[in-house]
Amino acid sequence: MTRKISIEINGRLAEGEVEPRLLLADFIRDVAGLTGTHLGCEHGVCGACTVQLDGRPVRSCLMFAVQAHGHRVATVEGMAPDGDTLSTLQQAFHESHALQCGFCTPGILMSMEAFLREEPDPSPASIRAALAGNLCRCTGYQNIVTAVRLAADRMQSS
Amino acid sequence: MRGTTATIGHVDLNGIGSSPLRKEDWPLLRGEGTFVADFKRPGMVHAFVVRSPFAHARFTRIDSGEVQSAPGVIDVITAADLPDRGRPIPTRMFKDEGANRYLQRPLADGVARYSGEPVAVVIADSRYRAEDAAERLHIDYEPLEVVLDPDEAVAAGAPLLQPETGTNVAGRLELNLGDIEEAFSQADLVVEDEFRIQRHAAVPLETRGLLAEYDQTTETVTVWGAAKIPHVNKKILLHMLGWSDERRVRLVELHVGGGFGARGEFYPEDYLIPLAAIRTGRPVAWAEDREENLRATNHSREQVHRAALALKKDGTFLGLKDSFINNTGAYVRTHGMTVPGLSISMLPGPYRWPAYHGEYRSVVTNKTPAGTYRSPGRFEVNFVRERLVDMAARRLGLDPLEIRRRNLLSKTSFPFDTGTLFDEHPVVYDSGDYELLLEKAMASFDYEGLKRWRHEAPAGGLLRGLGTAYFVEKAGPAEREYARVELNSSGDVLVFTGTASVGQGVETVLAQVCASHLGLPYERVKVVHGDTAIIPEGMGAFGSRASMLGGAAVMQASRELRRRLLDAAAEELEAGPEDLILTSGGVSVAGAPSRAVSLEKLLSAHDGVLKVEDRFVCELLGFPYGVHFAAVEVDPETGSVHVHRYAVAYDIGRVINPTLVQGQIVGGLAQGIGGALLEEFAYDAGGQPLAASFMDYLLPTAEEVPYVEMLITEDAASPLNPLGVKGAGEAGTAGVGAAIANAVSDALGQDIRQLPLNPQRVMELARA
Amino acid sequence: MKPAPFEYDDPQTVAEALDLLARYGDECKLLAGGQSLVPLMNFRLARPGRLIDINRIDSLSGIKRDDGMLVIGAMTRHSAVEHSTEVAGGWPLLTEAVGWVGHGQIRNRGTVGGSVAHADPAAELPAAFAALDATFRVQAKRASRLIGWEQFFVSEFTTALAPDELVVAVEVPRPQPGVGAAFVEYARRHGDFALGGAAVTIKLDAGGHCEAVSIALLSAGPAPVRATSAESMLRGAIVDQASIRAAAVEATRGLRPTADLHGSTEYRLRLLQTMTQRALIKAAERAKATP
Ligand SMILES: Cc1cc2nc3c(=O)[nH]c(=O)nc-3n(C[C@H](O)[C@H](O)[C@H](O)COP(=O)(O)OP(=O)(O)OC[C@H]3O[C@@H](n4cnc5c(N)ncnc54)[C@H](O)[C@@H]3O)c2cc1C
Ligand code: FES
Ligand code: FES
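Residue numbers (the numbering used here), protein chains in the order written: chain E, 2 to 159; chain R, 3 to 770; chain H, -14 to 276.
It is worth saying that the hints were derived from the structure and are not from the lab. Quick reminder that beta carbons are idealized off the backbone N, C-alpha and C, glycines included. Watch out, some of these pointers could steer you wrong.
Unchecked claim - What the simulated footprint calls covered on chain E by chain H, stretch by stretch (three residues with Cβ under 8 Å from a Cβ of chain H suffice, anywhere in the stretch; the number is not a length): (1) 37 to 50; (2) 146 to 159.
Said to hold, decoys possible - If you want the footprint, here are the derived chain H segments under chain E, 3+ residues with CB under 8 Å: (3) 34 to 48; (4) 116 to 124; (5) 134 to 145; (6) 162 to 171.
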């Protein structure tokens, strides 16, 4: 049995007729065609699939698409204001060399963007604590901490 | 040394040594990257690899009838369906005739030898349905006795993985330098022990994946998702398919989510997925899931060493002995012999040894096959050697850095032929000033201050310890690399390289090298890599080679392009080439901007594009070197190890991009922390992997990785390449097991002999 | 790692959910935050034929006070508990405990009801509820009942719930004034399930004697454990290093925590002792600091 669902992703409605077992991550990637949301473990640990559901970061590999029907989802593709600019956080990642292969990056951006909304002036220690829900195998995290702090500075001064 | 040589000094290195923003970042930050699972082709279908649930089992019948009739199923492939029942996948380095008896075939045929070995491939219209169908496959497994431990594998009466060979020893080597008996007979002190390094692995965050498509009219197959060594794998795939026409196979690299040695080697799926595309005539996609990844992609590092160090009372080293067993898992894979080979050749490290005796046996067991992982062989042997050195220092009452200093090779020793071999190439340390780096590190990281910290009494019953590790790295294997630089009349530059990107920033680095040597802006340079159809040859990205060999080739091609352009302009403008200025618009005479010629005009003789190819060749490797400092606090009541400070000093000859080098070091260090404290592929007695998910295979998070202090020096340029660089990819990892183990030993007053330092092991030692 | 197929319902009310449960019983599973169930389904270690998703039942979530008691709706997310001033004010043990559950992203979805129904012996909330003597409100179409934590947690991943029953809320009695509480655990990484941990509440009299104490342990056996004999040892005694140490030893007597690749039974026993000791010290300090 399939269901018709519609999910608001980055401000646009994405619709589909899906099996209940279809993971939200697969809906976002394969039905809505937004492949910036990655799958790194499919059991909730790595954080590569993190998206914001009604503004809060969640694992899209641990939800079924049918559950997001009628909800708002934000993914990495919705972050930058336009095709020529990066968001403050993305720009800080770029300048701080906070990514290498970039596979973890979308999930980390989704987590950290929400984190900075909750905690606009975080210490390095609290950035690390918040970051612990996302795995990165390349960077050793140091530059990510720097980038988040840089973004916090810029957001506060603007 | 054979091949191209050049000197540094007269070239303009402007631009090299700076850290422009990375070329790679933009799409990755915006979610617009194309990793292989993001790549789609019309009509594509999905493969699921069915794997043996047993570590060792015989089977006679695979009944796929029910699978064939399951909804959405397009094809099922078993060993019986493969031409020649599947050819063995060859090794690609450290070739060893004996080891060839243990190569892996693409699908298990009658016997499965590790949990996770592919036995069949199901192709269906969705991944979900392929998994559904796979559950209907019936195989009459009959479990066999397993052998897991390296010592058990060589014991008399051990179950044999390939009974016809009569042994589990796939390869062995013995190396004697100097008179080891004599050295040990003269010793005032001998320290010896057994050291174990646990099985762990690269585990890139993106799992492997492929998409293959067959074109029936041209009879060619294209495979997207290649990584690390596309050109090498193209040859292997041709061999596996039994094809000879090179044009029939094209491998294309997309974005790659980390490699670290494991990703990009030729695995069974690298044959099976193209084969499925050929059989079905449909584009076939395969994305490894994490459960598969932890059982199927190369493991690494599992070794047991029995080693001894002989020395004089004053701390002078006399000799080093080591006999080790390397557990290569169920089959010898592409890099199966590389790890023990590197271990034995790199064990001597940065010290003077009157005598060295090394020997290994590399054994097969019923575990996932092994290969290389960042700093292969060195993470392991650095742990062994640097532990022995600390044990000796403690017995002699010497400062651990002082005993090291007394034995470091002096700066007049270079080039220094160690007498060992790397894949038949002599290991000759190209350049170095080991003592200078040690001095600089001690000053920069305030060794005296660290020692004071070490002796302060911390709160809450914590124990403090300090540990160091000195090591030599190696960089730049596979002695050649290809580059082509093309300039068009609008001033855009294309660099084609035979290296590959695994996320490390190779596009940025090669663009910097090109910009510096061509003399055109970095922004105008675009780097193209990883497509065997447009790049004729290449050796890829591994062993910290991309910037070293790839960079040298790009540099030479860029310089040659500049020379030709300026020569042409000089003729046109009737001026000396040294008086000319090149910009993206054209060439003009210095001080006389009106005397100019456009690129368009200059390139008209070349159809608007000037192309220069170069092949950089260098038989020898580069040997960067470094030292790690770890300061830890151990909680004896929980067994936890908290890294209070961590510092890395590293000399890589010349730095092309300091920010990227630092990124490599911190990233490598995080992996080293995993290896030292967290990551372990444990198995139960029946050979079932216990760490088969990310809940149990513990990658370090931001909370476990310390802030890393770094000192990057350029005191010993490599004479082997015109840039003077030595690759920088592995230093962060190389010394972590050793430095952390030494620090914890210091804190506990107990000798660490085994990694990882998990809380149980640490608590047991604290109570001993 | 894709789940097997299943039928799916997402009722809007408790009554509808109970109807479905009554109808399908064993064949179905409730889907709350999905943070435990969905990973199992992705590995195909769980393959329920039907899921009853209770995320759309608004009445199941919320934190309120009822006659001094804290009532947490089953679908209340971990993060709501974490950030609740109500909880922090009266039941700080819960605030401290819930902060140890996984990561922020997990706590944004995971629910209190799911945590108790899943009954992982390493989970934080069941142990905290044990220390606080919580009771679970359970409904089925046929009847409703209250189950005390002791009867509720039966064994590893096993509770007293019948297949047609739904946890609707957790009731937590108000701790006495002056109680100090502490939740302490040790895990291999930030956010991992604990290798051992302790949830403690303690009340001291003016002379430093223990008036009341509760000690609950996690990862100590198949279900949360209350260290009752250690509690009685402490009650009435002067709370100092020696009595705390003795109580910690007593607390782990006779326990057999399950060994796995992260720690042997013996290691876990030692760790539990340490955790108990540290929790008692911290709770006693807090008790002294509370007026
Ligand atoms: C990476 C990761 C780390 C985690 N770390 C921790 C940790 O450190 N500590 C910890 O405690 N947990 C941890 N969890 C688990 C998490 O806390 C879960 O949310 C929780 O255990 C289950 O809650 P849930 O709402 O997600 O339940 P679900 O997964 O939806 O359900 C779990 C089970 O409970 C049943 N159920 C759910 N609600 C009810 C109800 N109201 N009545 C009856 N039955 C019900 C379901 O049918 C199912 O069998 C972690 C999870 C992940 C993915
Ligand atoms: S893919 Fe969802 S957490 Fe790893
Ligand atoms: S940048 Fe590669 S995993 Fe984070």
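To see whether the hints hold, each was checked on the structure:
As drawn, the stretch 37 to 50 of chain E meets chain H at 4 residues by the rule of a beta-carbon pair under 8 Å; at three or more, the given contact holds. Residues of the stretch 146 to 159 of chain E with a Cβ under 8 Å from some Cβ of chain H number 0, which does not satisfy the need for three, so the listed coverage is violated. With a threshold of 8 Å between beta carbons, the proposed coverage of the stretch 34 to 48 of chain H by chain E holds, since 3 of its residues qualify and at least three are required. Only when three residues or more bring their CB closer than 8 Å to a CB of chain E does the claim for the stretch 116 to 124 of chain H stand; here the count is 0, and the claim is violated.
Proximity of the stretch 134 to 145 of chain H to chain E, defined as three or more residues with a beta carbon under 8 Å from a beta carbon of that chain, is not established by the 0 residues found. Restraint check on the stretch 162 to 171 of chain H versus chain E: 0 residues with Cβ-Cβ distances below 8 Å, three needed, restraint violated.
Of the hints listed earlier, those the structure fails to meet are numbers 2, 4, 5, 6, in rising order.
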